[in-house]
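Line by line, the protein sequences give chains R and Z.
Take any residue in the first sequence, note its place counting from 1, add 39, and you have its number in my numbering.
Take any residue in the second sequence, note its place counting from 1, add 39, and you have its number in my numbering.
None of these hints come from the bench; they were simulated from the model.
All values reported here derive from a predicted model rather than from experimental measurement.
Some hints could be false.
Unchecked claim - Taking CB as the label site, the calculated pair distances span:
#1 Z:Met-252 <-> R:Arg-275: 52 to 60 Å
#2 Z:Pro-70 <-> R:Pro-56: 39 to 47 Å
#3 R:Glu-354 <-> Z:Leu-296: 52 to 60 Å
#4 R:Leu-339 <-> Z:Ala-263: 55 to 63 Å
#5 R:Ser-43 <-> Z:Arg-359: 45 to 53 Å
#6 Z:Arg-341 <-> R:Asp-362: 54 to 62 Å
Stated by the list, open to error - On the chain Z side, residues computed to face chain R include the following (Cβ under 10 Å):
#7 Pro-94
#8 Ile-151
#9 Ser-153
#10 Ala-239
#11 Leu-288
#12 Leu-321
Glycine included, C-beta positions come from ideal geometry on N, C-alpha and C.
Number of protein chains: 2
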Amino acid sequence: MKASRHLIKDLLDGKTPAIARAITLIENEDPGAETLLEQVFAKTGNAHRIGITGPPGAGKSTLVAELAKLLRAKNKTVGIIAVDPTSPFTGGALLGDRIRMVDCFTDPDVFIRSMASRGGLGGLACATQDAVDILDAARKDYIIVETVGVGQEELDIVNVADTTIVVLYPEAGDGVQAMKAGLMEIADIFAVNKSDRDGADRLADEIRVMLTMGRRNPPEGGWAVPVIQATAIQGRGMDEIAGEIENHLGFLKGSKLLDSKRRNAANLRVRTIVESRLAADLWKSGRAHTHIDEHVNRILDRKETPHEAARKILEEFLGRPPDIDCPGKPDIITNE
Amino acid sequence: MKASRHLIKDLLDGKTPAIARAITLIENEDPGAETLLEQVFAKTGNAHRIGITGPPGAGKSTLVAELAKLLRAKNKTVGIIAVDPTSPFTGGALLGDRIRMVDCFTDPDVFIRSMASRGGLGGLACATQDAVDILDAARKDYIIVETVGVGQEELDIVNVADTTIVVLYPEAGDGVQAMKAGLMEIADIFAVNKSDRDGADRLADEIRVMLTMGRRNPPEGGWAVPVIQATAIQGRGMDEIAGEIENHLGFLKGSKLLDSKRRNAANLRVRTIVESRLAADLWKSGRAHTHIDEHVNRILDRKETPHEAARKILEEFLGRPPDIDCPGKPDIITNE
Numbered sequence: 040m041k042a043s044r045h046l047i048k049d050l051l052d053g054k055t056p057a058i059a060r061a062i063t064l065i066e067n068e069d070p071g072a073e074t075l076l077e078q079v080f081a082k083t084g085n086a087h088r089i090g091i092t093g094p095p096g097a098g099k100s101t102l103v104a105e106l107a108k109l110l111r112a113k114n115k116t117v118g119i120i121a122v123d124p125t126s127p128f129t130g131g132a133l134l135g136d137r138i139r140m141v142d143c144f145t146d147p148d149v150f151i152r153s154m155a156s157r158g159g160l161g162g163l164a165c166a167t168q169d170a171v172d173i174l175d176a177a178r179k180d181y182i183i184v185e186t187v188g189v190g191q192e193e194l195d196i197v198n199v200a201d202t203t204i205v206v207l208y209p210e211a212g213d214g215v216q217a218m219k220a221g222l223m224e225i226a227d228i229f230a231v232n233k234s235d236r237d238g239a240d241r242l243a244d245e246i247r248v249m250l251t252m253g254r255r256n257p258p259e260g261g262w263a264v265p266v267i268q269a270t271a272i273q274g275r276g277m278d279e280i281a282g283e284i285e286n287h288l289g290f291l292k293g294s295k296l297l298d299s300k301r302r303n304a305a306n307l308r309v310r311t312i313v314e315s316r317l318a319a320d321l322w323k324s325g326r327a328h329t330h331i332d333e334h335v336n337r338i339l340d341r342k343e344t345p346h347e348a349a350r351k352i353l354e355e356f357l358g359r360p361p362d363i364d365c366p367g368k369p370d371i372i373t374n375e
Numbered sequence: 040m041k042a043s044r045h046l047i048k049d050l051l052d053g054k055t056p057a058i059a060r061a062i063t064l065i066e067n068e069d070p071g072a073e074t075l076l077e078q079v080f081a082k083t084g085n086a087h088r089i090g091i092t093g094p095p096g097a098g099k100s101t102l103v104a105e106l107a108k109l110l111r112a113k114n115k116t117v118g119i120i121a122v123d124p125t126s127p128f129t130g131g132a133l134l135g136d137r138i139r140m141v142d143c144f145t146d147p148d149v150f151i152r153s154m155a156s157r158g159g160l161g162g163l164a165c166a167t168q169d170a171v172d173i174l175d176a177a178r179k180d181y182i183i184v185e186t187v188g189v190g191q192e193e194l195d196i197v198n199v200a201d202t203t204i205v206v207l208y209p210e211a212g213d214g215v216q217a218m219k220a221g222l223m224e225i226a227d228i229f230a231v232n233k234s235d236r237d238g239a240d241r242l243a244d245e246i247r248v249m250l251t252m253g254r255r256n257p258p259e260g261g262w263a264v265p266v267i268q269a270t271a272i273q274g275r276g277m278d279e280i281a282g283e284i285e286n287h288l289g290f291l292k293g294s295k296l297l298d299s300k301r302r303n304a305a306n307l308r309v310r311t312i313v314e315s316r317l318a319a320d321l322w323k324s325g326r327a328h329t330h331i332d333e334h335v336n337r338i339l340d341r342k343e344t345p346h347e348a349a350r351k352i353l354e355e356f357l358g359r360p361p362d363i364d365c366p367g368k369p370d371i372i373t374n375e
């Protein structure tokens, strides 16, 4: 299916119904979605992509809404993708503050879409990345991708965003402690939200200490990660956050890190698509599909280990023994 | 490398140094590990595998320690694998309460090991599952796998455990709300820990309501998920939890669900190993590896979409067009 000229024109003009339609094609895995993406891909690469992540309850949605208002006040266009974790059982997205967030907006120039992460390879689903490209082609100046959770998903956001903001809040306490180390490494900006509550100063100080311990703040000639106290629901601290977003983009451009960040992101994205398609091809080929139950029977009878079963299935698919004996995801390749 | 007879014998006798050595082989991806697993695999399948998960700060480690003490008092042997989320940047595990937990034990018959999850395909790393098999072969009556986090990892635990315990705590509040739906579906037993604090009764009630809404409690002839209030640090509620673990195993055996659970787990495990090895084979084959940078250049020049790049790489690897156009992880196959 070829995407209609009409749809493409409207999309490139930034018209909301066309954006919505394009993202629906992507979500439905409509064959037209890939064609559409091919036809508008040349127009992408101009938006500033901002990732916002943090534990549930940190007030990310409110912060995103306030940030969007601020950007709109400067006459910038904004697209928001809110990624919800998918339940692997129901297949549906877990609704959080989404409905509330959508309520915040009556501005038609802020496009908001909630998407399920699908728990696929590479975390942030392929569909989300395609949707970001659509928003980019639709001339959004800023694209905000919000993720919830503290898992791999959250860390994968760095592969989509030029600038990653980690939002924490005082009460998370012990919980935050456990996840901070991982977040420490992906944050370009820390926002301590709900800073009108007790413990905000202490949390901000702790983060600053951890940043120093990690020798990341500032690395020589590098970016000094700011820690900003905010109370998004009252609009406090939002100007500062918006300012640091601009500073960070300036830094990325000045240091040529923007190019290498996007290069790594493209590399990982291609690898993710290749791997998931390869897996799909294997299991749909019919042969492996038929035999896996026999292998499972042998495993349950303790006559074959899962590794032996895997080796046999692969050898059959490839028509040769696999090159690799040790399983495990290969490292991300960079060509810096 | 062939695993020494000595190591195998000691392992099957349940000797701690042999278990530790075997798990180290697995963690190091030593070629001997697979051979070892093949040689002891026939002796697995007897342990009751218990998964314990929940948000950070819920006191899971304390609860695991108390549960282990209880089981030991009944003269049962216990193995514990604590899975820590890996930082994708440092590659290391994020240490939480591990050190404290290890301190709890001076009992040499409780084997404790902390492992990194590595963020590989299928969540709970392949190595963790192999380690569970090792503990099983080493005649541990109970194997407890503890995971932290609220991501895919946590939900993947159902694929390892016969019985999954979800631990929550009152203060998690908003945060728990967001993750509860996913946890609701994997829990065989709910433990509301830190029940000496305010809000524990309310949380327990909320969970009971959600279980009813989800029509899971009880499905006809099914398992009625118990919600137990506990204060693990004082040992309160632990007898009840241990009792429900036994009840659940009895239910699984009586209903033949134990077999179908383990069948699904084996199926998913084989698929995970196959997919990660296939990906490793692809990237190590040299060809794709060489070309990906060229594709990335074309993507950055907006001359090729990531999907086009992926299609070309796959076609080259397979020597034919891939069967599947839509990426995405295929559904878990069950043969029930």
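Go through the numbered hints given earlier and state which of them the structure violates, listing their numbers in rising order. Hints 1, 2, 3, 4, 5, 6, 8, 9, 10, 11 not satisfied by this model.
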